[in-house]
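All chains should be built: construct the whole structure from the sequences, respecting the hints.
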Amino acid sequence: MRYRFTARQRLRRAREFDVVRKFGRPFRSPPFIFSIYIPSGVGEGKPVRRLGIVASRRVGKAVDRNRCKRLCRELFRMHQHELPDNCDCVLVVRPKFTDFTFRELEKRFTQACQYLNQKLTPP
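The numbers in this note's numbering rise by one with no breaks, and the one at position 10 of the sequence shown is 10.
No wet-lab data here; the hints were simulated from the structure. Note that this is a predicted model, so its numbers are computed, not measured. Any given hint might turn out to be false.
To be verified - Derived BS3-like pairs: lysine-lysine, alpha-carbon spacing no greater than 27 Å straight-line: (1) Lys46 <-> Lys61; (2) Lys96 <-> Lys61; (3) Lys107 <-> Lys119; (4) Lys69 <-> Lys119; (5) Lys107 <-> Lys69; (6) Lys22 <-> Lys107; (7) Lys69 <-> Lys22; (8) Lys22 <-> Lys119; (9) Lys69 <-> Lys96; (10) Lys22 <-> Lys96; (11) Lys46 <-> Lys22; (12) Lys46 <-> Lys96; (13) Lys46 <-> Lys69; (14) Lys61 <-> Lys107; (15) Lys96 <-> Lys107.
Written as structure tokens, this is what we have:
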């Protein structure tokens, strides 16, 4: 298993963010909103799990927003294998994000992954 977060794993265009937010399944918690979307007709090859992070000015100053984004990337990097193959994810950081420790954030993120895996897999 590889625990990397490469440039190929990033959502870059606003259109990609909009698709995930519109058609994806959300998981809401106090520190963040985590949405996941599995696009149809994905090409064959290696599975790619992509992440986009949204941190508005309500979260805090630039230093705080950048720290939140670093923590989000680390959470995704460590737990990306718990997500379905070929999925797009958007993590929206809420203002309370900075009040949580990394362990608490990790616990919430794994809960989100488990919840969304249950919702996305057909019975």
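Hints, one by one, checked against the model:
no. : hint              : result
1   : Lys46 <-> Lys61   : violated, 38 Å
2   : Lys96 <-> Lys61   : holds, 14 Å
3   : Lys107 <-> Lys119 : holds, 19 Å
4   : Lys69 <-> Lys119  : holds, 26 Å
5   : Lys107 <-> Lys69  : holds, 17 Å
6   : Lys22 <-> Lys107  : holds, 26 Å
7   : Lys69 <-> Lys22   : holds, 22 Å
8   : Lys22 <-> Lys119  : holds, 16 Å
9   : Lys69 <-> Lys96   : holds, 14 Å
10  : Lys22 <-> Lys96   : holds, 24 Å
11  : Lys46 <-> Lys22   : holds, 26 Å
12  : Lys46 <-> Lys96   : violated, 36 Å
13  : Lys46 <-> Lys69   : holds, 26 Å
14  : Lys61 <-> Lys107  : holds, 25 Å
15  : Lys96 <-> Lys107  : holds, 16 Å
Checked against the numbered hints given earlier, this structure breaks hints 1, 12; the rest are met.
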